[in-house]
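Protein chains in written order, with our numbering: chain L, 2 to 446; chain F, 2 to 446; chain S, 2 to 446; chain P, 2 to 446.
Don't read these hints as lab results, they were simulated from the structure. Just so it is clear, the structure is predicted and the values come from calculations on it, not from any experiment. Note that beta-carbon positions come from the ideal geometry of N, C-alpha and C, so glycine has one too. Be aware that a few hints might be false.
[Stated by the list, open to error] Examples of chain L residues toward chain F, derived with CB under 10 Å:
# : residue
1 : Gly18
2 : Pro115
3 : Glu143
4 : Gly246
5 : Gly348
6 : Gly352
4 protein chains.
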Amino acid sequence: MSTAKHASFDFTVDRLGPCRIPSPLQLQKHLFVDEDERTLVDCDLRSLTPGAALDDVPSMETAGPRSLIFHPHYLSRAAIVTCGGLCPGINSVIKGIVETLHSEYGVREIYGIPYGYAGLARPQDHPPRLLDPDGVDTIHMEGGSILGTSRGNQEAAILVQNLVNMRINMLFTIGGDGTLKGAQAIHQEARRRNLEISIVGVPKTVDNDIQFVGRSFGFETAVYQSTQVITAAHMEARSIFNGLGIVKLMGRDSGFISAYATLANPVVNFCLVPEYQVALDGPNGLLKAIERRFRKKSHAVITVAEGYGQHLFSDLPAQRDASGNLLKHDIGVYLCERFKAHFQELGIPVGLKYFDPNYSIRSVSASGTDQILCHQLAEYAVHAAMSGRTNMVVGFRNGNFVNVPIPVATHERQKIDVNGPIWKSVMACTGQAKYFDPSHQSRPE
Amino acid sequence: MSTAKHASFDFTVDRLGPCRIPSPLQLQKHLFVDEDERTLVDCDLRSLTPGAALDDVPSMETAGPRSLIFHPHYLSRAAIVTCGGLCPGINSVIKGIVETLHSEYGVREIYGIPYGYAGLARPQDHPPRLLDPDGVDTIHMEGGSILGTSRGNQEAAILVQNLVNMRINMLFTIGGDGTLKGAQAIHQEARRRNLEISIVGVPKTVDNDIQFVGRSFGFETAVYQSTQVITAAHMEARSIFNGLGIVKLMGRDSGFISAYATLANPVVNFCLVPEYQVALDGPNGLLKAIERRFRKKSHAVITVAEGYGQHLFSDLPAQRDASGNLLKHDIGVYLCERFKAHFQELGIPVGLKYFDPNYSIRSVSASGTDQILCHQLAEYAVHAAMSGRTNMVVGFRNGNFVNVPIPVATHERQKIDVNGPIWKSVMACTGQAKYFDPSHQSRPE
Amino acid sequence: MSTAKHASFDFTVDRLGPCRIPSPLQLQKHLFVDEDERTLVDCDLRSLTPGAALDDVPSMETAGPRSLIFHPHYLSRAAIVTCGGLCPGINSVIKGIVETLHSEYGVREIYGIPYGYAGLARPQDHPPRLLDPDGVDTIHMEGGSILGTSRGNQEAAILVQNLVNMRINMLFTIGGDGTLKGAQAIHQEARRRNLEISIVGVPKTVDNDIQFVGRSFGFETAVYQSTQVITAAHMEARSIFNGLGIVKLMGRDSGFISAYATLANPVVNFCLVPEYQVALDGPNGLLKAIERRFRKKSHAVITVAEGYGQHLFSDLPAQRDASGNLLKHDIGVYLCERFKAHFQELGIPVGLKYFDPNYSIRSVSASGTDQILCHQLAEYAVHAAMSGRTNMVVGFRNGNFVNVPIPVATHERQKIDVNGPIWKSVMACTGQAKYFDPSHQSRPE
Amino acid sequence: MSTAKHASFDFTVDRLGPCRIPSPLQLQKHLFVDEDERTLVDCDLRSLTPGAALDDVPSMETAGPRSLIFHPHYLSRAAIVTCGGLCPGINSVIKGIVETLHSEYGVREIYGIPYGYAGLARPQDHPPRLLDPDGVDTIHMEGGSILGTSRGNQEAAILVQNLVNMRINMLFTIGGDGTLKGAQAIHQEARRRNLEISIVGVPKTVDNDIQFVGRSFGFETAVYQSTQVITAAHMEARSIFNGLGIVKLMGRDSGFISAYATLANPVVNFCLVPEYQVALDGPNGLLKAIERRFRKKSHAVITVAEGYGQHLFSDLPAQRDASGNLLKHDIGVYLCERFKAHFQELGIPVGLKYFDPNYSIRSVSASGTDQILCHQLAEYAVHAAMSGRTNMVVGFRNGNFVNVPIPVATHERQKIDVNGPIWKSVMACTGQAKYFDPSHQSRPE
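So here's chain L without its partners, still in its complex pose (with noise of 0.2 Å):
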C-alpha cells in the first residue's frame, strides 16, 4: 500500500465541538494523549516518499484518554447496540463498555439496546436495559450477544429520535460495514438536527475485512475455531478413498479466515478466496486438480470463502439480506454437487464430506488474547465518545489504537493481496499450484 494512495483519505476525525470539562480519570499525566497525537499509517520506508518530513506522511489521529473531555460524565446516558452476525467476544467489548463509562468515568446511566436497530426502532417491543459492571461481570465467558443482534437498517430519522427520546448523548455500535455505515446516517441525521450525540463504532467483522481496523476482534478465535474443523476434515477425508473433506469457511468479499486458518493447520491442499478465482472446468481448472490430487494422494482437503466463485451464480438473479447486503449463494452446496456430477460422470469414486461451520465459529467466547483486544478496544471507544468524537470507529494500527472516521473504514472492503506474502505462503503450504498446472515447478530440483 503506496503513500500516493493513504494520502487520498482524510483522516480527520469528526467531532461535536471543543472539550473543556476536566476528564474524571485518575490518570498520571503523561498517560494522557495529547489532542493532537498521531500514528503513522505506514512505517514501512518503502511505502513512503523518500526524504519526506515527518509531518507530511499520512497519519491517523491516536486513540486514547484525553485530559479535557467534551460529555460531563455526570449528565451522560450512553447506548449499546449489536447488530448483524454473531462473532466471537461481543459480549466482552460490551463488557468492557460498561465497566469503562462506569467504573472510570462515573457513568451511571447505561443502556443496552435489544435486538440491534431493530430495537432501537421499537423500544417498545424491546425496552432498553440499564446496564451496570456487577450485570456484565460473567458475560465475556458467553458466546452471543447478550444483547441480542438483527440484520438490516433503519430509518436514521426513527432512530434518531428515539435516542433523543431517551436522551442519549453517546451511542456504541457494534456491528460490521452495514452497521458502520448505519451509524454513519445516524451521525448525519443528529447532525442536521444540531444534536450532540457521540456515534462510535467498535468495528465487528470476523471476515476481517474492515480497511485501517488492524486484526478485528474475534479473527484470532474464529482462526482457531476453523484449524479444529479443518482437521475433522482431514480426517474424514484421508479415512476413505477419493475422500473429500469440503470446509466452507466465512468470508463474504475477502478470504483472511480460508487463509489464516489453511496455514494455521496446513493439512489443505486447495484454499479458495474471493481474490483469487480459479476455473471450475477445462484443463488447469479445479476439477482437473482434484482428480490429479486423487491420482497422487486419494483424499484431498478444500477449504472455501463464501464468496469465492460468484460468478459462477451469474445466471442467477442477485438477492439481499436485511441489512442490503448482496446475498452470496452457496458456494459450499454448489460445489458438492458438481463435484458429485463430475466425478460420477467419470467413472471415479469420490467420498465428499462437506463441513460449514459457520454458526459454530460464531458463537464461541473470546479467547486469551483476544479477549483482551475486545476490551481494549471498547475502552478506546468510550474514550473517544467522551471527548466528544464521533461518526468514528476504533481501529489498532502499528503498535497503537486509533480512531479512524467511518468514510475511511467503510471505503472499499479490505482484501488479500494475492500478490503479498500471505497468500505466498498459502499456496507454499497447499501446494496447490502444481495440482492446477503439472507443469508448474514451485521447488527448485
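Please arrange chains F, S and P on chain L, whose structure you already have, making use of the hints.
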C-alpha cells in the same frame, strides 16, 4: 426387557472346534476365564421369574482369556478391517487388537486391510499393510481410521477366497450392523468351505443401537462433542429475536445421541427422535409448539436425530446407500424449509440457524474413559478369536465383557424405550410437552 | 468378589416409616418401582453359588420413584449440603436435586447450606440460600460448588438442632467417605430424637473408592483431565535428555484415577498406586527401574497416586485434616527429591518435571455423559428421600440405580484388584515390569 | 520509548559479504525486498522528533527474501538447534525452517541437532538427524521439541569446530536470551576464524521479554492456557470460605504472561509482577490487602510471576542454572507459607490452593494464529541466513518482519511499563489498589 423376551435368544457362541493349545498368556491362573463362565443378561429381579433357579435364567458367555486356545499363535495370521462411517476410537481399537495379538499372544503377522470390505475384495488395488505395535503406538490420538473404510458389502465368496489366499485365520471386523451381517456371510461361506477362520467383530455404532453390547465405543465422545454444538446453537438462538437453533445429530434408527446430548446439555427445548414421532402440523404439532415457545421465550433450540420424521417423506421414493442401508431423507434441511415457510406465512420473524455437525463429531479421537473401552473391547475380541470363537461380537453388559453371537446382536436395533426413564428425563429437562399441549400440567402446583 | 463376601452385608435400607401418600409424580404406572424391587449385587455366575435360587443371592434395593411416598410434598423443606474437596459435577447434582424436588414433586422450600457441615453448624454466620430451578438453571456449566464446601465434621447434636430449627425434613449430603459417616451420625441423632428426617447422600469421590456405588460422578471427567496433564509430562520428558515427567494424581487410598488415566493415555512408563507398592531402592526397586528405562529410551513418564508410598514416611508423625482423614505425606515432592539425589550421586543427568494438577482437575465442570450421571444420581436421591428412606446413598450397579445403606457403602474403601484385569492392563500398557526385573519376559518371543 | 533512546542503538545487521547469487525463489519481482528496505522503529509521532526528516528517524532492516543471496543453495548445509525451556510452537518453527530451506531454496542437507548446544558440543553422543519436509510434516501438532533441548552454554570454540566438521554454513538457533548470547559467541568465534557461517536466531521466550521482536511465538498460546488455570483457581477459591487461589505463572524478569492472562480472564484480584513490587507486610502490604478482600468477598485469586518478590530472599545465597541464569527462589511456595502462617496467627481460616502450571503451559503445541507466527518467523530466518546475514534474530514490529542484531535484542529485557496502559488496565480489572490502600478512590462516585 423381560426374561421371556431374552429367553427366546440363542446366546450360544459359534466355535471352530475344541481348544487344545495352552495359552501363551503369562497370567495368574484365576485370571483365565472358565470355558463355561456366564453373565446374567438381566440382573434386575423384576425382569426375572420369581423363584427361578439361577441356572435357568438367560445368560451370555463371559468374555476373556481362556487357558486353552484354538489357534496356534506361531501359525496365526490376523487381518483387521474397518467399515462404514467414522466413529471416535476406531484407531484405538486397531491399536488394541495389534498390541494384544502381538505382545500378549505373540502373533507376528497382522494385516490391516485398506478401505473396508472393498479393500478385502480387491487386494491388488489396495495391498494390505503389515501392522506391529511400533506402527500403531500413537494412532489412538488421531481421529478417523488409519486403514480407511468403505461402505457396502462385497461378495462373500470373493472375500473368503482372498482370506484364504492371504492365509488369514482370524478376521477382526470393526463396523456396524451392515458390517456385522457381512461378517456373518463371510463366516457362513468359510464354514461351507470348512475353513477354520475366526470372524470376530468389534461393534462400531456411534448411534449406540446394537443390542446386547452395552455402551458402544465412541458414544461417550460423540455425546461430549454434541454438547458443544448445542451450546453454539443456544448462543445463536438467544442472540436474535425468535432465534431457532436446529442441531441434527446422528441416529438413523435410534435417538440415543440426541437424547443423551440433550440430557448432558439441558438448554434444548425440543428433542426429536425416531422412537417418538410428533406431528408437524395441527394444534398439537411441532410448528404450533415452536410458536408457543417463541411467545414465551423468543428463542428455541431443537435437537433432531437424522432418522426422525421419515414418514414426512412417504411420497418420495426410497433410496439405499452402498451398504444397502435405507438412505434417510434429510430431515434437518426439510425442517428448516418447513419452519421458514410456516413462519413467513404467519408473518412471524424467525432467525433460523442450522447445525449439521455429523462429520465433525465422528472424526475426533476417543477421549478419556472412551479410550479405555476401545482398548478393552479389542483385547476381548482377540481373546475370543484366539480361542476359536467366531460369528460373534464383544460387548459389555452388567459389569462384564461378554461374547454375543452376531445373529443376536443384529436381530433388531436397540432403541430408546419411550416409556422408560431416559426418555422421561428428556421430557423433563426439555419441558417440551407443555409446548405441544398447553393444557399439559407437567408439574404439581 | 464372591457371593460369600457380599452375603455378609446387610443391604436393607433404613426407612422413616410406611409410605401412605400418593406420589404427585405424573408417571405411567410401570415407571414406578415396586417397594421390594431388587437388583442382584453380582451377575457373574462365577461369583454365585451354582444351583442357587435367584431369591437367595445377594441383592440391593432398586432405586426409583415409588407410587406411595412418605413426606407430603406441600409440607416438605429440603436442605442440600456439599462437603469436602471439589469434584467435577457437584453443581450438576445440586441442580438435579432442586429441579426434581421442585418440578417433579412440587417441593418449594429448598435450602442450600453454605460451606458444608460448618455452615450447617453456624447458620447465623452463613445463612442458607433458598434455591429454585431458575437459580440453578446454568450452574452445571460451572466448576466448584455454588454452595461452598468445608472439611471436617461437626457435632451431630448441633447439626440436628439446626435442622429442626429450620424445619428440614430432607437433608441431601454431597460428599465422600467422611461426609457420609457424618450423615450417619446425623441420622442416628435424629432417630434418637424421633425426628422424621430423611438423610440421603450422593457419594462424591473423585477417587472412585466408595463401595457399591459403581462409577462415581466426576470420575469420567477427572480421567479425561488427567490424560491431558500426562500428555504435557510426556512432551516435557522426551524433550530433554533423561527427561523424567512425574504426575501426581488424586487417590488417597485407591489408585483408580492413576490407573484409568494411564490406560486412557498410554504414554506412561510407570504407574504407582497405593494398592501395589514397589520398593524404591534395591536391584528391583524404582530407582534402578528408571535407570534401565533411561538407558533404553532416555526419558520416562510416571503417574503416582497421592496415597502411594506412605510407608516411606513411617518415621514421621501422622497428621490428620479437619475431617479426621489421615493426611498423606506428599509423595510427589518426596519422589522428586529422592530422584534428584539418586541421579546426582550416580552422575547421571536427569531433567525432572513435576506436575501436581489436583486442583485443576477437581475444579472443572462435568463433561458429557458425566453430566447425565450427576443428574440421574440427584433424581434417584430425591426419589429415595421422598419415600422416607434415610441413612443411605444412591449408587449405580449392573445397569440399575440402587439404594445403598451408608454403613455398607463406607464399610471399607473400594480398591483396585491388583490381580484383576484393570491392573493387568496397566502393567501391559506401561510395560513397567520389565524395568523392575530385567529378567522379566512379558511377551512370548 | 523515545526516539532518543532508540537512536542510541546500532540496528545494522552483520553480513558475511556481498550477495552475488541469484535467488532460486520463484517470486514475482515485487515480492523481493530491496537490500536497504527499512521499517521505522516507532510510528507514534509523539515518540519522534517533530519536523524530522523520515530518513533520520531510527529504523530497522525489513526482513524478507532478497533477489541476490549469499549462500549457494546446492552447497549449503544447515543445522537447527533448540535450547532452553519448552515453549508452544518450537516444532512449528523447526517445520517452517525445514520447509523453506528445502522447498523454497532447494537446500537438501538440513540437520537437527539433538539436545541443544549440549548436543552440538558432543555429536558423538547425540548424532545429528537429517530432516526433510516429510519428516516434519505433522510435528507442528505436537508440543515440546522433536530435537530435544538443553540448558547451558558450551565452549564456543568446540561448537564452531563441530560446525566446521559437519560443514555447516547456516546455523538456526531457537532459544531465549542466554541462547542468543551463546549464538553471538559462536558468531564471534566463527568470524575470528574467517568462517562464512550465518548464525540466525528465532527468539523463543514464552515470557515475551526480548526487545524489538514484538510478540514472541508461543506467547498467545501461553496466555490462553494460563486463563484456564485461572478459572480453576477461581472455582477453588470461591468454593471455600476465605478460599485463596494462587497461580504462579512464567515470567522471570517480566510479568507479561501474568498481566495478559489477568486481562484475558479478569477474575483475578491481585496480579504480582517483577516490575511492580509490593510489600508483603505493613498496613498497605499484601497480607493486609488479602485480609480486606476476605472481609469483603471471602475469597481471592492471585496471579504471581515467578520473578516477583525476589527481594524477599535477599538473605539467601544466589544460585544459577546450567545456562548461567540467576535461579529464582520459588515465590509461589514462599507466599503459600507466609499466607498460611499469617492467617493462622490471626486465627482467620484460609483455604489455600496453589497452582504451578508452568510445564503444562509450555508443553502444548501452538494454536491458531500463533501457529502462523511460528512459520513466518521461520521463513524470515531462512531468508536472512540465505542472504548471508548473521548474528541476528528475526522479529515483528509495526506490521513488518524485521532483522534485529543480537546485541540490540539482548541489550536488556523488555519489561511491562508500569506507567503504561497495559499495567493501568491490570490495575483497573483487578481493582487491587483499593485493597492495598483503603483510602484509595479508584472510581469517581
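Now for the hints, and whether the structure bears them out:
no., hint, result
1, Gly18, "36 Å, violated"
2, Pro115, "8 Å, holds"
3, Glu143, "7 Å, holds"
4, Gly246, "8 Å, holds"
5, Gly348, "14 Å, violated"
6, Gly352, "8 Å, holds"
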